[in-house]
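Undergrad: These are the residues of each chain, in order.
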Amino acid sequence: MVSFIGRRLCQALFVLLIISVVSFIIQDNLGDPVRQMVGQSVSLQERAALQQELGLNDPLLQQYGRFLMGALQGDLGMSYYYKQPTLDVIVSRLPATLELSFCALLLVIILATPLGVIAAIHPKSLLSRAVLFISTLGLSIPIFIVAVFLMYFFAIEWRVLPSFGRGETTSFLGLWQTGLFNQDGLRHLLLPSFSLAFVLTPIFIRLIRAEMQDVLQSDFIRYAWSKGISAPRIYFLHALKNTMLPVITVGGIQAGTLVAYTILTESIFQWPGMGLLFMEAVTRVDVPLISAYLMVVGVIFVVTNTLVDVVYSMVNPRVRIPGYSA
Amino acid sequence: MLRCLLILLGMGFSAFSCLAADIRIAVDADPISLDPHEQLSEAGIQYSHAVFDPLVRWRQNGTLEPRLAQSWQMLDANTMRIQLRNDVQFHSGNRMTADDVLFTVERLKGSVDFKALFNVVQNVDKIDDYTVDIHTTHTYPLLLNILAYVFVMDKGFYEGQAEVVKFGQTFASSNVSGSGPFLVKERIAGQRLVLQRNPHYWDQTSPGNVQNMEWLPIRSDSTRLAALLTGDVDAISPVAPIDIARVQRTPDIQLLSMTGTRIVMLQLNQSRRKELQHPKVRQAMSLAINQSLIVEKILRGYGEAAGQLSATAFAGHISDLMPQYDIEQAKQLMAEAGYKEGFRITMMAPNNRYMSDEKVAQAAAAMLEKINIKVDLKTFPKAQYFQLFDQRAADVMMLGWQSDTFDSNNIFEFTLACRDLKTGLGTYNAGEFCDPLVEQGVRLANREMQPKQRERILQGIEHHTAKEALVIPLYWQPIIWATKRSVQLEGVLNFLNFPYWGDLKVSEGIHG
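If you're matching them up, the sequences are chains A and B in order.
For the first sequence, UniProt numbering gives the first residue as 1, with consecutive numbering after it.
For the second sequence, UniProt numbering gives the first residue as 1, with consecutive numbering after it.
Warning: the hint list may mix true and false statements.
Here are the computed lysine-lysine pairs in the BS3-like style, where the Cα-Cα straight-line distance is at most 27 Å [unchecked claim]:
1) B:K422 with B:K109
2) B:K374 with B:K331
3) B:K467 with B:K374
4) A:K83 with B:K115
5) B:K185 with B:K274
6) B:K109 with A:K83
7) B:K185 with A:K83
8) B:K297 with B:K331
9) B:K280 with B:K340
10) A:K227 with A:K241
11) B:K505 with B:K484
12) B:K382 with A:K83
Hints were generated in silico from the structure; no laboratory data involved.
So here's chain B without its partners, still in its complex pose:
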C-alpha cells in the first residue's frame, strides 16, 4: 500500500491505476542486446517498445499514432517537418530534444540491420529544440512507416561510445537509457530480462499498471506452455497449433490470436527448371495446393489461407483475390503444357522457423503429387536452411516474409523483383525470375505519393503475380498468445505482434 501511495505521489496523482501488478512472460526468443539498433527482429522491436519510445507507432486498426512526435506535415515533396514532445525525459534524467532525434537517425543509418530502411533519409535538420525537418532522397510514401522504427536514444548518455557492433560487446549493448515505460533492471543474456516501471514516464494517460516485468526465453513449445499451465508465468507466445486445444480446455487461461502479416509462400525456381518457366505448370501447381485445408488441418484453423502476398491491412491487398483450388483444372493445365506424365522436382523447407513449417511442406508436397509432380522434400533447421536458400539449392523453396515497413511493396521488392546485388532488391527471389511488369511497378510504388494511385500500382503487381503464378502464397501466419485471464493483453496486442507492454493492464487480485 505504501508503495502504491508513493507511486501515486510520484505520478502527480495522475490517472495511473494504483493496482500495481507484476508479470512474467515467456517467449521463444529474447532480444540479443540492449542496443535497439543491433538487430531488426521481432524480439528486438518488442523490447524497444518497452524501454524506448518511437516517434510514431501503429494503432490496432493499422493507422499510425503520435508518440514522441507530436505532429507532422509535409513541407514539400521531399521534406517532412516533425514537432516533438517537449515533456520527455530519458532514464538518465536528460531531457529529449531534437539533437537526440538527429543522433538516433544518424546511428540508424550506420546500423547494418537498419540502414536498408533508412537509406532513403538524406539528412535531418534541427530547426529548434523541438522541431526537426527530415529530408528524403526522393519522394517516399512510406516515410512515416519507417519513423515507427526511430526509437529515440539518449544522445548525452551514448555519445562518444555509440558504435553499433554486430559481433562484439559495446557500451550500448549492455547499458541503456531510453524514454520508455520501463527501466532495465537486470539482463542475463539467454536467461532473463527484468524491467521495472519508469516512475517519470511522460505518458501519464497510459492505462498500464505493470510494475515489474520479467521476460524469460523458453525455446521448447511444450515447456513454455507448461510454465503457463503451472502458473509460473503469466503470458506466453507463440503457442504451437497442436497445443491450442489443451489451452482452451483450461478455464483460467485465455487464448488470444490474430492473423499476422507474415506471408508463407512457395517459390518456384524458373532458372533451375525449364518446366517451371511454363506459366501453365505454375498455375497448375498453384491450383493443386489447397491452402484452406492446410490452415484448417495443420494450423488448426488459425492463420488465414492466402491467394496473394499482401495482408488485409496492406495497401496492395485485393479483397476478392482468394486462394484457388481445383485439381481437375490443374491436371488439364499440366496436360496442356505437355506434362501430363508429370516430373520430379526438389523442394526444401525449414523445420524450426515458421509455425509447423515442416508439416506444411509435407502437405504441399503430397498435394503436388496429385498432379503427378513427384517432390523430393528435404527439411532443415533454419541455420542450415537459409544457407541453402541463399544458394538456391532446390527447385521449390519455402519462405515466410514479414514486411518491415508493413506495406506490400517491401514484399515485392525482396521476393519478386529482379535480383540486384548492389541495391539488395530481389535478395529473396528464389524463383530467380525477372519480370519487367513487377520491376516497373515496384519502382513506381516507391515514389508515388498519391495513396489511391499507389494502391492501384500495388494491386496491379498482386494481380499480375497471381495470374502468372509467380509464387504460390500459402497463408498468413497467426500470432498466438496465451495468458492468465487477469492479463488484458487484447488491449495492447496488434497485428505486428508488438505488444505495447507499457499500456498493459493486469486486473487486481492475482498478485496480492
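Bound-form chain A, shown alone:
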C-alpha cells in the first residue's frame, strides 16, 4: 500500500512537471496580460514598465525557475484579475464544480443502471430499442446544443427553472458554500446537471448493456439459473456486480473530466465553477491563474485515477495492482 501510494506520488510529480512546462511554453501565444489590464490611452512606455514590473521580460527559463521555486513552496502565484493567490481563487470555485459534477454523476447512475440492465435482458423489447435510439441521440448531439435547448424550454418558454448561476447558497460546516441544501440552489442545479447527464448517460447505458450481455452468457450465471435463484437476484446481484469493472474505469475518468472540463456547460449557465473561471482567465490572459488551473487539474486526474484503481481492486480482488497489496 505504501509503495503504491509512493509510486503514484512520483507519477503525479512527473505529470505536474510536464504540465508546468507546457503551460509555460503556451504562455507567449495567449496574448499580453498588461494589454488586457490597461486603458487605451496608456502609452507603450507605461506598458513596457508594467511588463518589466511583472517580470514578463525576463527569459522564459528564468520565469519558469521562479514559478517552480514558488510552486515547491505551495505558492502558484497571484491572479492578475482577482488579486489573490491563484490557489485560493481556484479553491473558492471548486465547490460549485464538485456539486455540479456530483449531481450529474448521480443522475447518470440513477438513469443508466436500470436502463442498461433492461436493454441487456430484453434486447428485442420496444423499451430497449427506444433506450438505444435515444442514447444514440445523446452520443451525437454536442452538449451546448442540449444545454441551450433545455434552457430555451425550461427557463425561457415555460419559466419553470432559472437560467443561470447557482442561486442561493448556504454554508456547510463553515467550509463549503453549498447549493444542495436549499430549494433555490437545487433548482439552479437541475438544468446544468441534466445537460451533462444527457450526454454522459448513453455511454454508460451502452457500457452496462454490453458487459451485462457478456456476463449473462457465462457459466456461473447458468449455474445460478439451474440452482433456481430468483431472476432479480441473478440480474441485479450476481450479474450486475460483475459488469461494474469497466463502468468504474470509465466512470472514474469521466468524473475527473467533469471536474476539470465542464467549461462549456458552465459558460452557458454562467455557473461560477472552475470551468468558467478557466474560460475567463484565458480571455483575460490571467497567466498565473491559467498555469495554476492546469496544475490543479493535473492533480485531480491523478487523484481520481488512483481512487479508481483502489476501488477496482476492492470490487474485484483478482485484480493485482503492482505494489498494492490489500
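Given chain A's structure and the hints, the job is docking chain B onto it.
TA: Showing chain B alone in chain A's frame:
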C-alpha cells in the same frame, strides 16, 4: 411600508419617490476593482457614477452639467476657478472639501490609466474649503471634459494607503468611500457587485428610486438574454444584433438603443505596402466598401454608417460628409493607379471585441474582392489580436476607438497622428503614415480656446482624412440595452453609455 417611512424620514421629506425598487442588471464586464482610478474602462466609469460623483457630468444632449462642482469660470488662459458644493458627505461620514479634490487629482496624475488625460493639469490650488483653482500647463480647451473623470475620493478615508496598483491588492481596491448615490455592500470579483442606496445622498432632487442594485457579469450573449427573458434580471447590455428580433417579439421587454461614439475603422498600412501609399488605391478601397450595407445587414440597422471619424456630437463632425459607395469609380481609380489586376493583402480583426467584429471584417474583405483586392483575413480573440495590432502584423487592421474626452481630437491624436513613443501620440496609427497636415491640426486643436476656430481646425483634419482616405471609417457602434418595461432607462442613458443609475426610476408594481 415601514422601510419607506424610514427612508422618507431619512431624506427629510424630500421629493424622493417612496416607491423603492430593487433592480438586477447583467452586463458583459464588471469593474475590475473598487478603486475608480485603477482602470479607465466603460465598466469602471459606470461603477464610478454609481458610487462616486464627478465634478461635472455629461447631459444627454452632449453638454456638461454641474455635480460636485457648483460653478466654474476661467480666471486666465491657464486657470479655472471651481466652486464646490458644500453639502456633500462621503459614505464614511467625512464632509467633502477642497482637500479631497486636490487629493483626487494628485492620485489621478499618478494612475497609469488616467495620467495621459491629466498630464495637462499642472497643479490644483486650494483657495478656501470650497474653492479650488486648476492650473494647466498650456491653454487647454477640453479641461471641463476631463473634469468629468474627477470622481472625488475621500481623502480622510484613503490617506496613507492611497497607492494605485495595477496588479495587486490595495486598500482602495477592496475598500471604498465615495459620495455617490450608492454604497457598496458586497463585491465578489467576477460574480456580483451589490449596491445599496445611500440614505444621506446630497442630491435630493434626484428622481431615482432604486433601493438595492445588483450587477452580474454574464459574458455569454445568449445567457445574458436568457436571464432577462426569464425575468431573473431587469436589464441587460449589450444585446447581440442577431437577438434583437427576439427581444422585440417579447411584449414585456423593451429595447433601448442609440448610436454611440465608438468609431470602428479599417487602417491601411502604408509602410508595409507600397500599393497603399497610393491615394487612389486607398480611395478605391474606401469606395468599394458599403458601410450602409454593413450596418443594415450585420448590425440589423443599429449603429450608424460612417464617412468620417467624429461622431455627431463631436466638434469635428461634418454633417454632409457621408460614406461613399461607388464600385465603378473604385475600379476606375484602381486602373488609374496601375492596379487594374489588383493585389493580395493581409487583414486582421478581433472576433470578440466589437459588436459582430468578425462578420464585419468578413463582409469588408468580400467587398474589397470586387475591385480585385484579394484579402487574406485572420481573426483573433482580443487578447491575441491587440498584441498583433501593436506589432502592426497585417496590411489592414480593424480598430474601434472611443474618445475618452468625447472630442474629435482624441481620435486624431491616437489613430492619425505620427507615432511618437515619448508622447504616446499615434500609438494606434496602424496605417503607419505621418501626415504633416494632420500633425499640425492636432497640435493647434489642443490649444485653441475659440470654439468656432477649433471646430474649423478639427473639421479640416476630417476633410483631409476623407479626401486622402487615410483610414476607412465603417460605423459608429450602437449602444443597446434591453430592460423590463418598468425600468425607465431612457431617462438616464446617454451616448457615452454611462447610465446614471442613481437617477434611475423603476415604476411601481413589479417588486412588491
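Undergrad: Hints broken by the structure, by number, lowest first?
TA: Per hint list: single violation, 5.
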